[in-house]
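Each protein sequence line maps, in turn, to chains A, B, C and D.
According to this note's numbering, the residues represented by the first sequence are 1 to 152, in order.
According to this note's numbering, the residues represented by the second sequence are 1 to 362, in order.
According to this note's numbering, the residues represented by the third sequence are 1 to 375, in order.
According to this note's numbering, the residues represented by the fourth sequence are 1 to 180, in order.
Calculated directly from the structure, the hints in this document are not laboratory data.
Mixed in with the good hints there might be a few duds.
[Said to hold, decoys possible] Beta-carbon label-pair distances, calculated as ranges:
#1 13/A - 45/C: 34 to 42 Å
#2 100/D - 45/C: 24 to 32 Å
#3 4/A - 292/C: 38 to 46 Å
#4 296/C - 144/A: 56 to 64 Å
#5 20/A - 352/C: 51 to 59 Å
#6 97/C - 16/A: 31 to 39 Å
#7 99/C - 21/A: 19 to 27 Å
#8 203/C - 27/B: 37 to 45 Å
#9 203/C - 101/B: 56 to 64 Å
[To be verified] Here are some chain A residues pointing at chain D (derived, C-beta under 10 Å):
#10 62
#11 143
#12 145
For each residue, glycine too, the CB sits at the ideal point set by N, CA and C.
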Amino acid sequence: MDNETLKARILEIVPEAQQEENKQFLTLLLPAAKLHDLALKLKNSPELAFDFLFCLSGVDYIKQLAVVYHLRSTQHKHALVIKVKTDDRVNPNFDTVCDIWRTAEFHEREIYDMFGIRFNNHPDMRRIFLEEDWKGYPLRKDYIDEVNIVEF
Amino acid sequence: MTFNIYDFTSFNRWIDEGLNSFMSPTWALITEMAIIGIVFLLFYAVVGLFLVYAERKVCAFMQNRVGPNRVGPYGIFQTIADFIKLLMKELVYIKDSDKLLFNLAPFIVIIASFMALSAVPFAKGLHAIDFDIGILYVIAVSSLGVVGILLAGWSSNNKYSLIGAMRSGAQIVSYELSVGLSLLTIIVLAGTMQFSEIVEMQRNGWFIFKGHIPAIIAFIVFLVASTAETNRGPFDLAEAESELTAGFHTEYSGIKFAFFFLAEYMNMFLVASIAATVFWGGWMPFHVSGWAGFNTIMDYIPPFIWYIGKTAFIIWLMMLFKWTFPRLRIDQLLTLEWKYLLPINLVNILFMAFLVLMHWHF
Amino acid sequence: MKEIINLPVSNIEEEEYHINMGPQHPSTHGVLRLLVSLQGEMVRSLKPHCGYIHRGIEKMCEKDTYPQVIHLTDRIDYLSAHINNHAVCLLVEKALEVDVPERVRYIRTIMDELARIQSHQLWWSSFGMDLGGLTCFFYGLRDREMILDIWEETTGSRFLQSYNCPGGVMQDIHPNFQKKVHAFLKTFKKKIKDYDRILSGNVIFENRSQGVGILSKEDAISYGVTGPSGRGSGWSCDVRKTEPYSMYGKVQFNEVLRYECDTYSRYMVRMQEMHESMNIIEQLIDNIPEGEHSAKMKAVIKLPAGEYFQRVESARGELGLFVVSDGNKTPYRMKFRTPSFSNLSVLDHISRGMKIADLVAIGASLDLVIPDIDR
Amino acid sequence: MKEKDFRDNETLDLFKRTGGNFLMTSIDAVIDWGRSNSVWPLTFATSCCGIEMMATGASRHDFARFGIEVYRASPRQADVIVVAGTIVNKMAPVLKRLYDQMSEPRYVIAMGACAVSGGPFYYNSYHVVRGVDHVIPVDVYIPGCPPRPEALLYGIMQLQRKIKLESITRPEQTMILGKQ
Numbered sequence: 001m002d003n004e005t006l007k008a009r010i011l012e013i014v015p016e017a018q019q020e021e022n023k024q025f026l027t028l029l030l031p032a033a034k035l036h037d038l039a040l041k042l043k044n045s046p047e048l049a050f051d052f053l054f055c056l057s058g059v060d061y062i063k064q065l066a067v068v069y070h071l072r073s074t075q076h077k078h079a080l081v082i083k084v085k086t087d088d089r090v091n092p093n094f095d096t097v098c099d100i101w102r103t104a105e106f107h108e109r110e111i112y113d114m115f116g117i118r119f120n121n122h123p124d125m126r127r128i129f130l131e132e133d134w135k136g137y138p139l140r141k142d143y144i145d146e147v148n149i150v151e152f
Numbered sequence: 001m002t003f004n005i006y007d008f009t010s011f012n013r014w015i016d017e018g019l020n021s022f023m024s025p026t027w028a029l030i031t032e033m034a035i036i037g038i039v040f041l042l043f044y045a046v047v048g049l050f051l052v053y054a055e056r057k058v059c060a061f062m063q064n065r066v067g068p069n070r071v072g073p074y075g076i077f078q079t080i081a082d083f084i085k086l087l088m089k090e091l092v093y094i095k096d097s098d099k100l101l102f103n104l105a106p107f108i109v110i111i112a113s114f115m116a117l118s119a120v121p122f123a124k125g126l127h128a129i130d131f132d133i134g135i136l137y138v139i140a141v142s143s144l145g146v147v148g149i150l151l152a153g154w155s156s157n158n159k160y161s162l163i164g165a166m167r168s169g170a171q172i173v174s175y176e177l178s179v180g181l182s183l184l185t186i187i188v189l190a191g192t193m194q195f196s197e198i199v200e201m202q203r204n205g206w207f208i209f210k211g212h213i214p215a216i217i218a219f220i221v222f223l224v225a226s227t228a229e230t231n232r233g234p235f236d237l238a239e240a241e242s243e244l245t246a247g248f249h250t251e252y253s254g255i256k257f258a259f260f261f262l263a264e265y266m267n268m269f270l271v272a273s274i275a276a277t278v279f280w281g282g283w284m285p286f287h288v289s290g291w292a293g294f295n296t297i298m299d300y301i302p303p304f305i306w307y308i309g310k311t312a313f314i315i316w317l318m319m320l321f322k323w324t325f326p327r328l329r330i331d332q333l334l335t336l337e338w339k340y341l342l343p344i345n346l347v348n349i350l351f352m353a354f355l356v357l358m359h360w361h362f
Numbered sequence: 001m002k003e004i005i006n007l008p009v010s011n012i013e014e015e016e017y018h019i020n021m022g023p024q025h026p027s028t029h030g031v032l033r034l035l036v037s038l039q040g041e042m043v044r045s046l047k048p049h050c051g052y053i054h055r056g057i058e059k060m061c062e063k064d065t066y067p068q069v070i071h072l073t074d075r076i077d078y079l080s081a082h083i084n085n086h087a088v089c090l091l092v093e094k095a096l097e098v099d100v101p102e103r104v105r106y107i108r109t110i111m112d113e114l115a116r117i118q119s120h121q122l123w124w125s126s127f128g129m130d131l132g133g134l135t136c137f138f139y140g141l142r143d144r145e146m147i148l149d150i151w152e153e154t155t156g157s158r159f160l161q162s163y164n165c166p167g168g169v170m171q172d173i174h175p176n177f178q179k180k181v182h183a184f185l186k187t188f189k190k191k192i193k194d195y196d197r198i199l200s201g202n203v204i205f206e207n208r209s210q211g212v213g214i215l216s217k218e219d220a221i222s223y224g225v226t227g228p229s230g231r232g233s234g235w236s237c238d239v240r241k242t243e244p245y246s247m248y249g250k251v252q253f254n255e256v257l258r259y260e261c262d263t264y265s266r267y268m269v270r271m272q273e274m275h276e277s278m279n280i281i282e283q284l285i286d287n288i289p290e291g292e293h294s295a296k297m298k299a300v301i302k303l304p305a306g307e308y309f310q311r312v313e314s315a316r317g318e319l320g321l322f323v324v325s326d327g328n329k330t331p332y333r334m335k336f337r338t339p340s341f342s343n344l345s346v347l348d349h350i351s352r353g354m355k356i357a358d359l360v361a362i363g364a365s366l367d368l369v370i371p372d373i374d375r
Numbered sequence: 001m002k003e004k005d006f007r008d009n010e011t012l013d014l015f016k017r018t019g020g021n022f023l024m025t026s027i028d029a030v031i032d033w034g035r036s037n038s039v040w041p042l043t044f045a046t047s048c049c050g051i052e053m054m055a056t057g058a059s060r061h062d063f064a065r066f067g068i069e070v071y072r073a074s075p076r077q078a079d080v081i082v083v084a085g086t087i088v089n090k091m092a093p094v095l096k097r098l099y100d101q102m103s104e105p106r107y108v109i110a111m112g113a114c115a116v117s118g119g120p121f122y123y124n125s126y127h128v129v130r131g132v133d134h135v136i137p138v139d140v141y142i143p144g145c146p147p148r149p150e151a152l153l154y155g156i157m158q159l160q161r162k163i164k165l166e167s168i169t170r171p172e173q174t175m176i177l178g179k180q
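Make the full structure from the sequences, and use the hints.
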């Protein structure tokens, strides 16, 4: 399925999706509430069949916190990038997709660890790399740690 | 007979009479015991240290390495350095461990191997005690070591140790059967359990030739089972490095660890010397009946050399096993024993009994 | 003690025995910690605890320029350092639309394949060691030294070279390069038969690995288990085939796939991949075209604002590089999608119900590199 | 550095001053000989330097020649902990504990830039311990990223040299000679 049909198909499911500019992949910005529904459909409908979540990353855009899902279909070889954003920096949360793609379980824990974004319904929402009592979320742009970081 | 040069019986009698001539029989007995004890301790230490060195060199040979070569010529003092270091190393006391059992365990292991050594004939007249149930004694005593291993695993309050000890328990209980039964095959052929007589009976041909097929099967089974019994690779599950860090002796340091280390090598020496004695004629030279000249030449080689040579060969085989094969899993280990070795052994004993009955042996 | 006595009998039977494998444990190949629940010797479940070597490389990348980032990627997965460097360079070149000389593509591809072979050699060594065959360890490392020698001559370092740079490679290959690679190929083709003799054909090894740690293709995709581990489950996930980069589109090689889905098939995939890698090198080594070893690049590399993604096939699986750039000389956000991280997540799933010795074998067959997990 | 340089004048003065009973010095000599020639390392590697440590143990470089052959997985039985690789904040307590679990005498080699000072992760990293000597006392530092096997061998030889100057009968001399 080429990018245009793919886009049309997804806009059918989620009309609010907006396309972002990207040369490589079809990138769509979704409202956070629709994420889990769309993810289920992406995985399960046979003509889409996005079964491989090959990258899941958090990005801090200073005003907003975002989670980027890179998806590919091993069957149809097409790829898609989904992005969700939130303005809430104090208690950001999204729905988990780890019931759909199991690899998300670890990646979401990593995003929680680094950005403080919580994922609802995640089975084991703990920090993965840092100690449980670590203060702050290191990959956020406003992270300040005068004790541990030696600035170059 | 030229053979008598190497006969230690008269030498022993000479010492005995000499001691009795100037002290009471009780004191003479005690003195003799002390002498034997010291000689055995020295022998134990020398053999233990040498085996550790030999193992290092053999494994280095297998792995395209040089092995220790800085301490003394060809590194022969390497194990002595190790020993000094282990002797001077701190003994760590584990909190919440069972102090008594924790300290007792290494001694049980080393005493078991030390006791078993006493029944082994090194040459004619050169053994501490010549039991008439020598084989039974050796089997009984050598399996005492597992008690030490179990105690070590239990008392050190470490989960890895406990798993290692439990594995070792299961392993030795199973493989003791095969060791016993394969020796029983030879007892059927020999008709005696006394080591000196077993060796004497092999004057005209070693049992492995005399008993041909069943004896060879018994020898292979004995080799496999005894490798397992000594906790050596590929059966070293009790101390499986990659799974249980160091198994039952994880918490031991210094000289107590050295006891376990040494006992492992002595057990290997022990089973190798039993295999040599029972299957390969012990100190008995290689004789071919009818070739008088050849036999005389063979007789010139001292029995002790024959004994050491055979034992060293079997030890070398066991070292090759260790450095070649990957380790078995615990269930595969028990499968091997209960489903393969034990039935083979039982059939083999029947076969051997039949053979003896029909006089098909040489 | 009292509590245990008062428990109902059924509960005592189901009492679990927890052991901690790691952070210092010989078979975790580093500082991974596995909290294993056992029932007897049987693994009921396990929880990986990572982060014992989390160095914050992604944060550091945000302060470093792109050429500096390359030096950090070496230390992520040190066994496929060349391939990690390659990913960064490809990403930068793609974003700046730089065309690298043909010679560079050849050199990079050969270096990548050498890196893959040495990584698999080391994996084979540690696999053998984990199963208790210590001799394997020495065989693998002995042959690995030959590759390190080749690298040392060209790049000046044994195995963390940072040889790739945006636009090309740091310096041209050593005059002896081709000769030495030929010598290596000739020797290693003989030596790899030793590998098969000592481990692959061994009956104990076959019993230890066959039918152990079954990972179905669906699970492999869902958990994102890429690389040789995924191909051992019959999933065709080789980036060199699906999205060819450098010379991979032009050389002939097979994607090794096996369908038994167990530890043995993952083992065999890697063994055959070494043959395939040698095959690739053989096709390239004599045809390296003359030319520059680097394209002309600006002194300061600034990526246009936007988002970029680059995938390469590292020795452990798919390495993804996600970069958000705001037009500065440093990346705004750099995310490494490392293969070992995803491969680790499946460990709990496939080792349940196995023996503790199998857990070691499964862990070894996934070929985890711990800094690759933690970054 | 040669051994005679290592025993500089100050050290020799110290020897003269404290004198030394013949028996005691002989005991020291024997024990130091044993300890220095049998330094068993702990299998402990965190990252890249661990691979070079493995390479040092392997066929070409062969640790075993110096009697450093027996890699012990249990800290109780090891003599030297070669800290090969980065130590991060989460790992530091574990490393301290490992060190505490080792039985005396124990030695530490900091192998590689990360273990010496934090290395490439000194700046801008929020989770790296800048030098393993913040956590445990170090006997020998080996620079390099990663150090070559030859460097590790040299470091081991320096450690052996250091052990040879220890004294259990006169602990104060050992103190002065550098082991705190």
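Hint check results:
1. 13/A - 45/C: 34 to 42 Å: 36 Å, holds
2. 100/D - 45/C: 24 to 32 Å: 30 Å, holds
3. 4/A - 292/C: 38 to 46 Å: The hinted range 38 to 46 Å holds for residue 4/A and residue 292/C, with Cβ atoms some 40 Å apart.
4. 296/C - 144/A: 56 to 64 Å: Violated, since residue 296/C and residue 144/A (Cβ atoms, about 40 Å apart) do not stay within the stated range.
5. 20/A - 352/C: 51 to 59 Å: At roughly 41 Å between Cβ atoms, residue 352/C and residue 20/A fall outside 51 to 59 Å, so the hint is violated.
6. 97/C - 16/A: 31 to 39 Å: 34 Å, holds
7. 99/C - 21/A: 19 to 27 Å: Since residue 99/C and residue 21/A have Cβ atoms about 24 Å apart, the given range 19 to 27 Å holds.
8. 203/C - 27/B: 37 to 45 Å: Given range 37 to 45 Å: violated, Cβ gap about 60 Å.
9. 203/C - 101/B: 56 to 64 Å: 39 Å, violated
10. 62: Violated, because the Cβ-Cβ distance from residue 62/A to chain D comes to roughly 19 Å (cut-off 10 Å).
11. 143: 8 Å, holds
12. 145: 5 Å, holds
Hint compliance for this structure: hints 4, 5, 8, 9, 10 are not met, and every other hint is.
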